[in-house]
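Visitor: Listed below, chain by chain, are the residues.
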Amino acid sequence: MNTSLPILVKRGLYSLLLSRWMLGYIAIFTALSLSFAYLGLLGLSTVGFRAFSGALAAIINLNLYAVPLVSIITASLSIVAERENGTLEFHLSLPVTRTELFFAKTFSTMLAISLATILGYGLASWYLMLVLSDADSIVFLNIMGASLLMIFSFVALGMLISSATRSRFTALATSIALWIFFTLLYEVLLMVFSDRFQDLGV
Amino acid sequence: MRAVQLEEVSKRFGDYFALKDVSMEIEDGSSVLLVGKDGAGKSTLLRCITGIIGFEGRILTLGMDVKKLGREVRRLVGYVPQNIRYQEDVRVVELADYVADMKGVDVFLDEVLTPFGLQEVAYSKVGSLSSGMKQRLAISLALIGDPKLLILDEPFNNLDPMARNKLSELLQTMVRRGRTVIASVHTLSGLIHSFEYVAVLSDGSLVRMLEADEVSRIVKPIYKIHVRVGGSWRTYLTDDVFAKLSELADDGYDIRDAWIEEPDAEGLLRAIGG
Numbered sequence: 001m002n003t004s005l006p007i008l009v010k011r012g013l014y015s016l017l018l019s020r021w022m023l024g025y026i027a028i029f030t031a032l033s034l035s036f037a038y039l040g041l042l043g044l045s046t047v048g049f050r051a052f053s054g055a056l057a058a059i060i061n062l063n064l065y066a067v068p069l070v071s072i073i074t075a076s077l078s079i080v081a082e083r084e085n086g087t088l089e090f091h092l093s094l095p096v097t098r099t100e101l102f103f104a105k106t107f108s109t110m111l112a113i114s115l116a117t118i119l120g121y122g123l124a125s126w127y128l129m130l131v132l133s134d135a136d137s138i139v140f141l142n143i144m145g146a147s148l149l150m151i152f153s154f155v156a157l158g159m160l161i162s163s164a165t166r167s168r169f170t171a172l173a174t175s176i177a178l179w180i181f182f183t184l185l186y187e188v189l190l191m192v193f194s195d196r197f198q199d200l201g202v
Numbered sequence: 203m204r205a206v207q208l209e210e211v212s213k214r215f216g217d218y219f220a221l222k223d224v225s226m227e228i229e230d231g232s233s234v235l236l237v238g239k240d241g242a243g244k245s246t247l248l249r250c251i252t253g254i255i256g257f258e259g260r261i262l263t264l265g266m267d268v269k270k271l272g273r274e275v276r277r278l279v280g281y282v283p284q285n286i287r288y289q290e291d292v293r294v295v296e297l298a299d300y301v302a303d304m305k306g307v308d309v310f311l312d313e314v315l316t317p318f319g320l321q322e323v324a325y326s327k328v329g330s331l332s333s334g335m336k337q338r339l340a341i342s343l344a345l346i347g348d349p350k351l352l353i354l355d356e357p358f359n360n361l362d363p364m365a366r367n368k369l370s371e372l373l374q375t376m377v378r379r380g381r382t383v384i385a386s387v388h389t390l391s392g393l394i395h396s397f398e399y400v401a402v403l404s405d406g407s408l409v410r411m412l413e414a415d416e417v418s419r420i421v422k423p424i425y426k427i428h429v430r431v432g433g434s435w436r437t438y439l440t441d442d443v444f445a446k447l448s449e450l451a452d453d454g455y456d457i458r459d460a461w462i463e464e465p466d467a468e469g470l471l472r473a474i475g476g
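Note that the protein sequences, when read in sequence, are chains A and B. The opening position of the first sequence corresponds to residue 1 in the numbering used here, with each subsequent residue numbered one higher. The opening position of the second sequence corresponds to residue 203 in the numbering used here, with each subsequent residue numbered one higher.
For the record, the hints were derived by calculation from the structure and aren't laboratory data. Glycine residues also receive a C-beta, built at the ideal position from the N, C-alpha and C atoms. Do not take every clue at face value.
[Claimed, not checked] Pair ranges (Cβ atoms, derived):
(1) Leu185(A) to Arg366(B): 54 to 62 Å
(2) Ser407(B) to Ile118(A): 55 to 63 Å
(3) Gly259(B) to Ile118(A): 49 to 57 Å
(4) Lys222(B) to Ser167(A): 25 to 33 Å
(5) His428(B) to Arg20(A): 54 to 62 Å
(6) Arg20(A) to Asp456(B): 25 to 33 Å
(7) Asp240(B) to Phe193(A): 38 to 46 Å
(8) Arg378(B) to Leu148(A): 51 to 59 Å
(9) Leu115(A) to Asp240(B): 42 to 50 Å
(10) Arg366(B) to Pro6(A): 36 to 44 Å
(11) Lys270(B) to Thr170(A): 32 to 40 Å
(12) Asp291(B) to Phe181(A): 29 to 37 Å
(13) Thr375(B) to Arg166(A): 37 to 45 Å
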């Protein structure tokens with residue numbers, strides 16, 4: 001099929017990876033995951049805890065909050081910002097359909113954040129490899145896989161917001177509200193309801 | 203063959219009709235100037251012809267149904283949207299490469315950038331260009347791939363007189379080479395003579411399509427010139443700006459500053475009963 005999708009994804013990826021936002025994310029994520037790995041191994045092993053668990057707990061916490069936030073915000077601003085800036089009209093004047101443009105934005109955002117996250121993990125894992133057992137490595141890879149799935153889900157959610165909203169402000173507010181719901185409230189609600197269901201014998 | 207064929211095309215934004223049952227045909231290799239006041243529906247019509255926005259009715263552009271083959275249409279059409287904006291941190295050459303890639307053509311960047319004097323800013327970021335340069339860039343990018351149909355929405359905006367002349371020459375060359383050119387303007391300037399036909403739009407309807415020579419017979423463009431003589435401004439109406447300025451100078455007026463308002467489409471609309 002004759003499609004402009006690869007060109008659009010390549011351009012989107014290039015532009016995202018060179019953006020200040022993404023470079024900042026890469027730097028912060030890498031620095032934090034490396035610090036957690038180092039401090040986790042250093043501190044907790046001295047007081048008797050299993051070293052890897054400590055490092056892992058800190059990295060999981062970083063993932064649970066930072067990865068969804070970056071994913072949903074980057075994706076939710078992708079289309080709406082171009083619409084507001086007036087640059088969307090330029091893309092649409094070229095041989096491309098709106099559907100292709102939507103998917104190109106989705107794929108390039110997923111790829112860019114995944115690459116940035118893998119880079120951050122990669123450095124931490126290189127450091128952890130010095131002390132990890134085989135079993136620990138598998139756990140670490142599982143968490144990395146789960147992070148990628150989380151990126152895909154939140155980017156998809158963000159793209160939905162970006163195509164449905166008319167202003168950057170609305171997109172940003174909606175994405176932050178959804179991030180709060182999924183990272184903070186959802187867990188609490190789940191616990192409340194599961195407790196209720198247990199009480200009711202369900 | 204017809205380059206563009208519109209059959210009862212309507213476009214509605216909520217309750218507002220931007221286009222109302224517009225039907226028209228544009229022959230292959232001709233040049234048409236769309237004239238109308240702001241809000242007449244010119245930009246909407248051009249966006250429909252390129253398939254950028256949806257509409258009711260039927261449009262065949264270069265023999266293709268725009269609703270089904272919009273992407274293929276845009277591969278063969280060069281389109282300059284009104285007040286186009288680009289990502290500011292991209293270099294001019296990167297933008298030209300991107301457009302060439304999207305259209306699936308190989309281009310020599312010099313060929314693209316030289317006609318409008320952009321070779322010197324080839325490696326500059328788009329954000330650093332002036333409005334006039336951005337407009338020249340938009341026209342240069344639209345010419346990539348030697349389009350069979352060139353559509354320009356208010357192309358003369360932000361262009362200096364030299365660039366305007368260059369564009370007029372280029373449009374005439376394109377028509378001589380058998381290309382079709384459609385452009386929109388909201389003022390009646392001397393540029394009408396660069397086109398064969400003039401289509402007049404008003405309130406989303408096509409009022410009339412007439413030959414450019416006929417327009418000159420019906421209505422003579424009247425320019426409004428504002429001249430600063432000493433410390434005060436005076437306004438004159440004239441159909442020949444240079445003659446009027448020379449006349450004032452000959453009369454001994456010390457002209458410090460002047461600006462010229464191009465005649466809008468209202469006179470033409472009145473003359474043809476629109």
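Visitor: None of the hints should be skipped; say for each whether it holds.
Guide: Evaluated hints:
At about 60 Å, the beta-carbon gap between Leu185(A) and Arg366(B) stays in the expected band of 54 to 62 Å. Checked against the hint of 55 to 63 Å, the pair Ser407(B) and Ile118(A) passes, with Cβ atoms roughly 57 Å apart. Hint check: Gly259(B) to Ile118(A), Cβ distance near 50 Å, so the stated range 49 to 57 Å holds. A beta carbon spacing of about 30 Å between Lys222(B) and Ser167(A) agrees with the range 25 to 33 Å that was offered as a hint.
Our hint of 54 to 62 Å for His428(B) and Arg20(A) is violated, since their Cβ atoms are close to 46 Å apart. For the pair Arg20(A) and Asp456(B), the supplied restraint of 25 to 33 Å is violated, since their beta-carbon distance comes to about 54 Å. Distance hint check: the CB atoms of Asp240(B) and Phe193(A) are about 57 Å apart, inconsistent with the given range 38 to 46 Å. For Arg378(B) paired with Leu148(A), a C-beta distance near 57 Å keeps the hint of 51 to 59 Å intact.
The hint said 42 to 50 Å for the Cβ distance between Leu115(A) and Asp240(B), and at roughly 46 Å that hint holds. Range check, Arg366(B) to Pro6(A): Cβ separation about 39 Å, and the 36 to 44 Å hint holds. Separation of Lys270(B) from Thr170(A) is about 33 Å and conforms to the stated range, judged on CB atoms against 32 to 40 Å. Asp291(B) and Phe181(A) have their C-beta atoms about 34 Å apart, which keeps the hinted 29 to 37 Å range intact.
Under the hint 37 to 45 Å, the C-beta atoms of Thr375(B) and Arg166(A), about 42 Å apart, fit the expected range.
Violation of the numbered hints given earlier is confined to hints 5, 6 and 7; the remaining hints are satisfied by the structure.
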